[in-house]
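Trainee: Take a look at the letters that make up each chain.
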Amino acid sequence: MHNTLTLIAEETLVKELKQKETQAKAFEVLINTYKERLYWHIRRIVLDHDDADDVLQNTFIKVFRNIEKFKGDSKLYSWMYRIGTNEAITFLKTKSKKLGVSSDELIERKASTLEADVYFEGDAIQLKLQQAIASLPEKQKLVFNMKYYEEMKYGEIAEILDVSVGGLKASYHLAVKKIEAFLKQE
Amino acid sequence: MKNISKKNSFKTPPGYFEGLSDQILSKLQEEDAEGLPEMEGFAVPDDYFDKVEKDILTKTVQKEGRVIKLRPYKSYFYAAAAIAVLFVLVIGIEWNNTQALSFDDLAAADITSYIESEDLELSSSEIAEVVPLASLELDDFMDSSVDNEQIMDYLEETIDDLDELNIDLDEEF
Numbered sequence: 001m002h003n004t005l006t007l008i009a010e011e012t013l014v015k016e017l018k019q020k021e022t023q024a025k026a027f028e029v030l031i032n033t034y035k036e037r038l039y040w041h042i043r044r045i046v047l048d049h050d051d052a053d054d055v056l057q058n059t060f061i062k063v064f065r066n067i068e069k070f071k072g073d074s075k076l077y078s079w080m081y082r083i084g085t086n087e088a089i090t091f092l093k094t095k096s097k098k099l100g101v102s103s104d105e106l107i108e109r110k111a112s113t114l115e116a117d118v119y120f121e122g123d124a125i126q127l128k129l130q131q132a133i134a135s136l137p138e139k140q141k142l143v144f145n146m147k148y149y150e151e152m153k154y155g156e157i158a159e160i161l162d163v164s165v166g167g168l169k170a171s172y173h174l175a176v177k178k179i180e181a182f183l184k185q186e
Numbered sequence: 001m002k003n004i005s006k007k008n009s010f011k012t013p014p015g016y017f018e019g020l021s022d023q024i025l026s027k028l029q030e031e032d033a034e035g036l037p038e039m040e041g042f043a044v045p046d047d048y049f050d051k052v053e054k055d056i057l058t059k060t061v062q063k064e065g066r067v068i069k070l071r072p073y074k075s076y077f078y079a080a081a082a083i084a085v086l087f088v089l090v091i092g093i094e095w096n097n098t099q100a101l102s103f104d105d106l107a108a109a110d111i112t113s114y115i116e117s118e119d120l121e122l123s124s125s126e127i128a129e130v131v132p133l134a135s136l137e138l139d140d141f142m143d144s145s146v147d148n149e150q151i152m153d154y155l156e157e158t159i160d161d162l163d164e165l166n167i168d169l170d171e172e173f
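Going down the list, the protein sequences come from chains A and B. As numbered in my numbering, residues 1 to 186 make up the first sequence, in order. As numbered in my numbering, residues 1 to 173 make up the second sequence, in order.
No lab work stands behind these hints, which were simulated from the structure alone. The beta-carbon is built from N, C-alpha and C at its ideal position, and this holds for glycine as well. There may be inaccurate statements among the hints.
[Stated by the list, open to error] Pair by pair, the computed Cβ-Cβ distance ranges are:
id: 1; chain 1: A; residue 1: K177; chain 2: B; residue 2: T158; range: 26 to 34 Å
id: 2; chain 1: A; residue 1: T90; chain 2: B; residue 2: A107; range: 24 to 32 Å
id: 3; chain 1: B; residue 1: D110; chain 2: A; residue 2: I8; range: 48 to 56 Å
id: 4; chain 1: A; residue 1: K71; chain 2: B; residue 2: L89; range: 24 to 32 Å
id: 5; chain 1: A; residue 1: K95; chain 2: B; residue 2: P45; range: 51 to 59 Å
id: 6; chain 1: A; residue 1: N86; chain 2: B; residue 2: Q150; range: 41 to 49 Å
id: 7; chain 1: B; residue 1: E53; chain 2: A; residue 2: E21; range: 37 to 45 Å
id: 8; chain 1: B; residue 1: K51; chain 2: A; residue 2: T94; range: 46 to 54 Å
id: 9; chain 1: A; residue 1: Y149; chain 2: B; residue 2: D153; range: 53 to 61 Å
id: 10; chain 1: B; residue 1: D110; chain 2: A; residue 2: D50; range: 26 to 34 Å
id: 11; chain 1: B; residue 1: L36; chain 2: A; residue 2: D50; range: 24 to 32 Å
id: 12; chain 1: A; residue 1: E105; chain 2: B; residue 2: Y154; range: 28 to 36 Å
id: 13; chain 1: A; residue 1: E138; chain 2: B; residue 2: A81; range: 33 to 41 Å
id: 14; chain 1: B; residue 1: Y154; chain 2: A; residue 2: E151; range: 53 to 61 Å
Using the sequences plus the hints, can you model the full thing?
Mentor: Given below as structure tokens:
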């Protein structure tokens, strides 16, 4: 992952986030450092901009309210990514429940209407790739996006998703095979 | 042939098999991703990332750090008065009310809306543990009602020997 804070800078930031006097400034630094990467991580899960915006804001609000509970067992960005991932998945579950469909159906519907989205500028191949990703099971979808687009290391993904590196490698391989098969259709 | 030893003369580099699976998977992944487009096509509104930062700060830091008015005793006075009024009201209402609130006091609509809005994810066995079978009717699970005649037709079609069921045809279902 690129441009993350160094370990020392991160520790200092966490301390500042926990102290009332320095909290506001530190939180601004935190948002500035991670807003774009977290946004794209969430956007790849929920697909449209408005939903990604909702989830991103909820993620930072949750980070702010729960910073006292962050004990430093994992890296700060892993913790934030975990919150962002959970928020995005819960958001999709709640939305799909209201619509009376499953989360997978909802995301496949969203992918099939991406063409009409004003904030999607992809060509026919990119559109088809998104539809292929949408057809994957949840875990494979997450692993593929984090490895392929976000270029994270397996160790980082394992820490965020709380799974083994071996399982992740297999998931990524399966995901790529399925995507290739999907793209070869028609 | 009998004189030739079956001992394997070939060797591998030290630690070759330990790292083999990782090497194969890494190679597969490199080959896998070839040919897939690198760009996604997603876009964001102009100045979105500046705006979202302000939005989040308004909802968190700025909300927490709002200005406290001078002469705080006034707010203590109002708070004390409000607590006193509430106390009198609650005592007044509950004085003769000895019945404690129970699950039965909840409206069915409230329970349904809670279950629908919350992410409960109860499995069928978990539901079965709390809902007694005796209290359930067939109509609870079906939109259209099924009359006895249709049930008998179904049983006749699907069961080889209907007499074995010992159904009293006069009995109400």
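Trainee: Indicate, hint by hint, whether the structure satisfies it.
Mentor: Evaluation of the provided hints:
1. Separated by about 43 Å at the C-beta atoms, K177 (chain A) and T158 (chain B) break the suggested range of 26 to 34 Å.
2. At roughly 27 Å, the beta-carbon separation of T90 (chain A) and A107 (chain B) lies within the given 24 to 32 Å, and the hint holds.
3. A hinted range of 48 to 56 Å for the beta carbons of D110 (chain B) and I8 (chain A) is consistent with their spacing of about 52 Å.
4. Between K71 (chain A) and L89 (chain B) the beta carbon distance is about 44 Å. The supplied range of 24 to 32 Å is therefore violated.
5. For K95 (chain A) and P45 (chain B), the hinted distance range of 51 to 59 Å is not satisfied, since their beta carbons lie about 21 Å from each other.
6. Under the hint 41 to 49 Å, the C-beta atoms of N86 (chain A) and Q150 (chain B), about 47 Å apart, fit the expected range.
7. The hinted range of 37 to 45 Å is not satisfied by E53 (chain B) and E21 (chain A), whose Cβ atoms lie roughly 21 Å apart.
8. For K51 (chain B) and T94 (chain A), the Cβ-Cβ distance of about 25 Å falls outside the hinted range of 46 to 54 Å, so the restraint is violated.
9. Between Y149 (chain A) and D153 (chain B) the beta carbons are some 58 Å apart, a value that agrees with the proposed interval 53 to 61 Å.
10. For D110 (chain B) and D50 (chain A), the hinted distance range of 26 to 34 Å is satisfied, since their beta carbons lie about 30 Å from each other.
11. At about 27 Å, the beta-carbon gap between L36 (chain B) and D50 (chain A) stays in the expected band of 24 to 32 Å.
12. Distance hint for E105 (chain A) and Y154 (chain B): a CB-CB separation of about 32 Å, consistent with the stated range 28 to 36 Å.
13. At about 54 Å, the CB distance of E138 (chain A) to A81 (chain B) disagrees with the hint of 33 to 41 Å.
14. Checked against the given bound of 53 to 61 Å, the beta carbons of Y154 (chain B) and E151 (chain A), roughly 59 Å apart, stay inside it.
The structure fails hints 1, 4, 5, 7, 8 and 13 (numbered hints given earlier, in ascending order).
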